[in-house]
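**Student:** Listed below are the residues making up each chain.
Number of protein chains: 2
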Amino acid sequence: MNKDNPRHEVFGAMQSFGVNSVMFRNAIGKKLGLNITDIGCLNYMLIKTKSTPGELSRYTGLTSGATTSMLDRLEKLKFIRRLPNLKDRRGTMIELLPEARSMILPFLAGAQAAQQELLKEFSDDDLEIVTRFVNGFSKSIQDQADQIDL
Amino acid sequence: MNKDNPRHEVFGAMQSFGVNSVMFRNAIGKKLGLNITDIGCLNYMLIKTKSTPGELSRYTGLTSGATTSMLDRLEKLKFIRRLPNLKDRRGTMIELLPEARSMILPFLAGAQAAQQELLKEFSDDDLEIVTRFVNGFSKSIQDQADQIDL
DNA sequence: CTGTATTATCAAGATACTTGATATTCAAGA
DNA sequence: TCTTGAATATCAAGTATCTTGATAATACAG
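Going down the list, the protein sequences come from chains A and B.
Residues in the first sequence are numbered consecutively from 527, following the working numbering.
Residues in the second sequence are numbered consecutively from 527, following the working numbering.
Because the hints were derived from the structure by calculation, they are not lab data.
Check before you lean on any hint, since a few could be wrong.
When chains are identical, the list treats them as one kind, so a pair holds in a single copy or across two.
Dumping the calculated EDC-like pairs for lysine to aspartate or glutamate here, alpha-carbon to alpha-carbon at most 16 Å [stated by the list, open to error]:
| id | residue 1 | residue 2 |
| --- | --- | --- |
| 1 | Lys574 | Asp675 |
| 2 | Lys576 | Glu625 |
| 3 | Lys602 | Asp564 |
| 4 | Lys576 | Glu647 |
| 5 | Lys602 | Asp614 |
| 6 | Lys602 | Glu654 |
| 7 | Lys646 | Glu625 |
| 8 | Lys576 | Glu621 |
| 9 | Lys556 | Asp672 |
| 10 | Lys602 | Asp651 |
| 11 | Lys574 | Asp650 |
| 12 | Lys602 | Glu535 |
| 13 | Lys646 | Glu535 |
| 14 | Lys604 | Asp672 |
| 15 | Lys613 | Asp650 |
| 16 | Lys556 | Glu601 |
| 17 | Lys574 | Asp614 |
| 18 | Lys646 | Asp564 |
| 19 | Lys576 | Glu654 |
| 20 | Lys646 | Glu581 |
| 21 | Lys665 | Glu625 |
| 22 | Lys556 | Asp598 |
| 23 | Lys557 | Asp675 |
| 24 | Lys665 | Glu647 |
| 25 | Lys613 | Glu643 |
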């Protein structure tokens, strides 16, 4: 394992990104007066828009009981709402409310602007390479997570 | 904002990676019988090897009091140890114990193997592009996090 | 249909977190 | 040097959150 080999720097970059992502959402959570669990859930909802308690339970690592009370908090705060799940009458659909989205987006604006600038430094071919790598890397840890859960 | 534009797929890939990272470390934490906070801390320590309570407090989003008791737990479980901070006698250095590392690494092995395979599909030039993009993206959210904290 | 699994919720008890106070040390300036 | 204000980590008390185990409703497989 040669650490001077540029082929290994990319792993470090991915790790740093993971760390910075966490610190980023924690910073937003603190501003909104939310605990770490709740802002983690909202971060996920911001990406997925719709989800279910079961899925959120798997993402957050919480038990189903804790997930219920997390959703109770977020519902009371008008960040999400529960809807009937038409595909499974036992279940519930969780929806991020538009007002919640507009409450969070301002915190992302600066980063998004910087990301648009970053994009200009790369060709379409470049970005195809990046996407392919990141998706591959992402899959490697997703497969491993599934393996561990089995 | 054209969603069919491949220039936007790369953002989705980064988001998915962030989500998968969280689920990955939660899966490992569950196997080790650790709570979400503690596995988050260990994940960070696995990257940094050495840290301080203050730094871990900023990463986890915990207050200093909660950080102290988190470190008490991890110290009792022999995952970390506290050492005197030679550069600041108020402070403490936190060190990941080698035994802890060897306890966690087996869970990463499968993913690391897949990542080595992935690496083969990319040239050095490709990887330089990926690294540059990921670092730039990482910086965009780090800067924004700093901005929010101020 | 019948039995088993899955989904989400609830209540009680266990765990972890926040707040505010404290002691120590640092860093800057008189 | 000596003083002052800030930063480090810890602790104890009170609060918030989480886990566990039980429950009801529905899905799904045989």
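**Student:** Hints broken by the structure, by number, lowest first?
**Tutor:** As far as the earlier hints go, 1, 4, 5, 6, 7, 10, 11, 12, 14, 15, 16, 17, 18, 19, 20, 21, 22 and 25 are violated by this structure, in ascending order.
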